[in-house]
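Whenever a hint applies, use it, and build me the whole structure from the sequences.
Chains as they are written, first to last, in this note's numbering: chain A, 1 to 293; chain B, 1 to 478; chain C, 1 to 201.
Treat each hint with caution, since some may be false.
Claimed, not checked - Incomplete in silico selection of chain A near chain C, CB under 10 Å:
1) THR41
2) THR42
3) PRO46
4) ARG74
5) GLN75
6) ILE96
7) VAL174
8) VAL279
9) PRO280
Hint data in this document are derived by calculation from the structure and do not stem from the laboratory. Built from N, CA and C at the ideal position, the CB exists for glycine as well.
Single-letter residue listing:
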Amino acid sequence: MKTGLSIFIAAFIALGTSWCGFVLAPLLQLGSAQQTVILQTTDNWPLQRTGAATLGLQVYRAYGCAACHTEQVRQTGSAFEVTLTSLGNQKPADFIEFTKSLFVLPGLANYTNAIAASLNGWNGGLPKTLLTATDKDVATEMADRLKAVGVKSETAIIATGPDIARGWGSRLSVAADFLYDQPVQLGSLRAGPDLANIGVRAPDANWQLAHLYAPKSVTPNSTMPSFKFLFEVRKVGASPSPEALNLPKEFAAADGFEIVPKPAAKQLVAYLLSLKANVPLYEAPFTPATAAK
Amino acid sequence: MNLTENNSSCDREINDSLRVPLLALFGGAAVWLIVGLVLGLIAGIKFHAPDFLGACPVMTYGRVAPAANDAVLYGFCIPAALGVALWIFARLSGQPLALPLVPVVAANLWHLGVFIGTAGILLGASSGHTWLEYPRAAAVILFAAFMLIAVSAAATFGWRRQQELYPSHWFLFAGLLWFPWIYSTANILLNSHQLPRGVVQPIIGWWFANNLVFVWLALVGVGTAFYFLPKIAARPLANSGYVLLAFLTLVFFGTWCGIPQGAPVPAWLPTLSSVAAALTLVPLLAISIVTLKTVCGSNVSCKGGPFCFIRFGVMSFIVSGILYVSAACPQYSRILNFTWFGAAQTQLQLLGFAAMILFGAIYELLPQVMGKPLPQPALAKAHFYLSMIGVLLFFVPLVLAGVVQGEKLADANIPFADANTAALKFLRVSTTGQMLILLGALLFAVNIFIMTIQWKLGIAKTVIAYIKSPLETAEVKS
Amino acid sequence: MSDENKSSSVPSAGEPVATRSAAPMWIIVTTLVLLFIGGIYFDRHSGWFNPKVYAPYTSAENLEGFQPQSGAAAALARGKKTYEAVCGICHGPDGLGKPGQAPPLAGSEWVVAKGFNRLAHIPLMGLAGNIKVAGKDWSMNMAAMGAALPDDDLAAVLTYIRSAWGNQASAVEGDDIKKIRSGMGGGSQPMTHDMLMAMPE
Numbered sequence: 001m002k003t004g005l006s007i008f009i010a011a012f013i014a015l016g017t018s019w020c021g022f023v024l025a026p027l028l029q030l031g032s033a034q035q036t037v038i039l040q041t042t043d044n045w046p047l048q049r050t051g052a053a054t055l056g057l058q059v060y061r062a063y064g065c066a067a068c069h070t071e072q073v074r075q076t077g078s079a080f081e082v083t084l085t086s087l088g089n090q091k092p093a094d095f096i097e098f099t100k101s102l103f104v105l106p107g108l109a110n111y112t113n114a115i116a117a118s119l120n121g122w123n124g125g126l127p128k129t130l131l132t133a134t135d136k137d138v139a140t141e142m143a144d145r146l147k148a149v150g151v152k153s154e155t156a157i158i159a160t161g162p163d164i165a166r167g168w169g170s171r172l173s174v175a176a177d178f179l180y181d182q183p184v185q186l187g188s189l190r191a192g193p194d195l196a197n198i199g200v201r202a203p204d205a206n207w208q209l210a211h212l213y214a215p216k217s218v219t220p221n222s223t224m225p226s227f228k229f230l231f232e233v234r235k236v237g238a239s240p241s242p243e244a245l246n247l248p249k250e251f252a253a254a255d256g257f258e259i260v261p262k263p264a265a266k267q268l269v270a271y272l273l274s275l276k277a278n279v280p281l282y283e284a285p286f287t288p289a290t291a292a293k
Numbered sequence: 001m002n003l004t005e006n007n008s009s010c011d012r013e014i015n016d017s018l019r020v021p022l023l024a025l026f027g028g029a030a031v032w033l034i035v036g037l038v039l040g041l042i043a044g045i046k047f048h049a050p051d052f053l054g055a056c057p058v059m060t061y062g063r064v065a066p067a068a069n070d071a072v073l074y075g076f077c078i079p080a081a082l083g084v085a086l087w088i089f090a091r092l093s094g095q096p097l098a099l100p101l102v103p104v105v106a107a108n109l110w111h112l113g114v115f116i117g118t119a120g121i122l123l124g125a126s127s128g129h130t131w132l133e134y135p136r137a138a139a140v141i142l143f144a145a146f147m148l149i150a151v152s153a154a155a156t157f158g159w160r161r162q163q164e165l166y167p168s169h170w171f172l173f174a175g176l177l178w179f180p181w182i183y184s185t186a187n188i189l190l191n192s193h194q195l196p197r198g199v200v201q202p203i204i205g206w207w208f209a210n211n212l213v214f215v216w217l218a219l220v221g222v223g224t225a226f227y228f229l230p231k232i233a234a235r236p237l238a239n240s241g242y243v244l245l246a247f248l249t250l251v252f253f254g255t256w257c258g259i260p261q262g263a264p265v266p267a268w269l270p271t272l273s274s275v276a277a278a279l280t281l282v283p284l285l286a287i288s289i290v291t292l293k294t295v296c297g298s299n300v301s302c303k304g305g306p307f308c309f310i311r312f313g314v315m316s317f318i319v320s321g322i323l324y325v326s327a328a329c330p331q332y333s334r335i336l337n338f339t340w341f342g343a344a345q346t347q348l349q350l351l352g353f354a355a356m357i358l359f360g361a362i363y364e365l366l367p368q369v370m371g372k373p374l375p376q377p378a379l380a381k382a383h384f385y386l387s388m389i390g391v392l393l394f395f396v397p398l399v400l401a402g403v404v405q406g407e408k409l410a411d412a413n414i415p416f417a418d419a420n421t422a423a424l425k426f427l428r429v430s431t432t433g434q435m436l437i438l439l440g441a442l443l444f445a446v447n448i449f450i451m452t453i454q455w456k457l458g459i460a461k462t463v464i465a466y467i468k469s470p471l472e473t474a475e476v477k478s
Numbered sequence: 001m002s003d004e005n006k007s008s009s010v011p012s013a014g015e016p017v018a019t020r021s022a023a024p025m026w027i028i029v030t031t032l033v034l035l036f037i038g039g040i041y042f043d044r045h046s047g048w049f050n051p052k053v054y055a056p057y058t059s060a061e062n063l064e065g066f067q068p069q070s071g072a073a074a075a076l077a078r079g080k081k082t083y084e085a086v087c088g089i090c091h092g093p094d095g096l097g098k099p100g101q102a103p104p105l106a107g108s109e110w111v112v113a114k115g116f117n118r119l120a121h122i123p124l125m126g127l128a129g130n131i132k133v134a135g136k137d138w139s140m141n142m143a144a145m146g147a148a149l150p151d152d153d154l155a156a157v158l159t160y161i162r163s164a165w166g167n168q169a170s171a172v173e174g175d176d177i178k179k180i181r182s183g184m185g186g187g188s189q190p191m192t193h194d195m196l197m198a199m200p201e
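Below, the structure is given as structure tokens:
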């Protein structure tokens, strides 16, 4: 580092490489991404948002909701889950006896304890999850063995992780989920719960509006501030507005008054209801619960 | 002696050329620091009383929190760092500041940009990308102002008397290149009408945030520390080989960090970032060795003086760097991502590292530039202790809150609300820390404003004296 | 400290100077070791720049292992993919056909017929001459586009066009195509309207 030029060159190369790697390469690789197909269907994902929901994203941005909420589901692993759907003509007790004969098989030996524990005290209720294995061969072998004795089972691919166990999504979030977001609001702090799947978790627009107006009215231990300024308290006219919020007494407006959402609140709710992370994609595979039909 | 006379006249020229630009940069920076810390305190209080100032859309947490962070970074850290860098360049060049009017204009432009930006966020015009919230108009102004200051700094650098470069030159000069590049790229792509598709936006956002908050602040902060520590200790900077290695590894590896594990982006991006984060341990190690070797054994009695500020700043940098690397480590990131841990690291980087080094540098250089001692040295001393305790009380509870919250979130059997409440207990302590930092910043502002007012009064006196003096005397003198 | 003696820059006006020395070997070796370990980690976890591989999946093979591989829906999805690559160019991704190029498949009586024997012959043998589709006369030549497709793929395509765009007809299995293929004889003449009408539905 003898001259200004050599510093310039070192800094230029250093920043230039990371610019190519983290700006140019993602632009080329993901910048022209198109809709993809939901796994095992011909439906496209994601769908373009409605007008109200698109405006709602701007409300979400303007109030900085992403300061406390993330919109990304994390997944720690994937597994194959073998679930019993019918015991055929076997009795539960017989079946438990039968499973003991499986444990001598090399692949299944590792799952002895887990299977025995899950069957402990089982009274024959179906469907019953028998085995969760990260190795596909183990799951296949189990299913084959069950089939051989006339027991019906289904093998599902499941995503695992605390986020998924909390119901915050069925699988990890991937690039495709954010295709139409302008701007993408991933968030980096979970002072409030993740919203990637809120449209599935709380699909009731009235619940969402009540939650925005008075969070404690629907979740008593909420730490979310109230967004009262997105609502209008007005005198009930000739007849009550169909949009008026239906709140518990301590949160409701005084007699003769009603609380109605302003357009921004309705747009925000439309946006929240459009957030879903419950469809399988090639890059985030799982077996949806409805696929068994 | 002739040489000394030359030196002192040269010193006077340098100080004269820097006085106006530095006062413009530092004065505005002090205001923004207080604005940022007050907004930060409001945001902090909202976690204990969610509906505090809740009726007012301008004061929503989601607006106040980014406005606070941006005011501290863009309002205080960057202009203060630029001012300090101008001073260091002029000193190391042995030349007065080149184009001294340009930074004066730029400083006012810069503060205008921060004003528009802060107002924009509070009124809901935020771009929605972290650290890039300022609306387009503000971003354009900030970019132009930076370029003007960079031109003046580069010209001062280019006209230096002594050709040999000092390590601070590397860090500060690289910083001059770094900011315009990342800021223009990020704003052109993320602050435009048609944004790139989907997750390309956050990827660019993370690249920018990392290169600004981690790399750029490290470049100017460490560059400043490596100038002032040996200067105050009157010892040479230890071992330039380590410094060179630290510089090169910082720019080559540090720039690749920042994409969080588990982000909804193809696996190669976060993987690359976590490899780079592990390699960032090398500059952290080298910088700690150099600092230890330079500082240890020096007998500076600094009791709250500039040396203390800067030493504390370097220590904060090392701790903040280690926190940054551990959050990028896949095993830990599962727990630490999306918790207060990230906020703790950012705040330590801003208030514990960058701000502390800049306070120290300003306390050291301002009396020289103004040609008179600090008006209230006791306040500066109090500022140090308030800031130090404040930073510790601010970030340590946040780190603990992050770990506790993360561990509870990782167990799906614990309800979300419980994880949240567990973290909020720690936040009470960190709000206290915020108050102490704010108090310290007020003392800092007092010193700066008294100096500015004294200087303005001085000018006024000279002008009045000149007007009052009889005409003949003036003629005789000329 | 001995380092200080090595100081060589001229101190000017109280500016700090740096002691000259090279970085020691151990820290350079540490850097290289970290780089090496980082390289191995990248190799194992990055999916090598594949845009479809996300953590926790570590490679394209790892992700492929977790793909569902059976079921009617899978066949449909495969049929759509093949259709869009082979047939959609002329018949359109929406199955509406293109004037002057190819007749529509959506709502075509040939496609949704009860049996798929005649339909299957068209991609297998090709088609020439006049044909009436959905009330319009077409006179186009079509090459034996499906002759080279594996049985399962062609079956998937036929299943897809028989169930997409509002069409509702039964699925086609790979074995059916196999039977039709083996019953075709060796002829390579394209089908005509009359030849199709002569064979069973």
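- Query: What hint numbers does the structure not satisfy?
  - Reply: Result: hints 3, 6 and 8 break, sorted rising.
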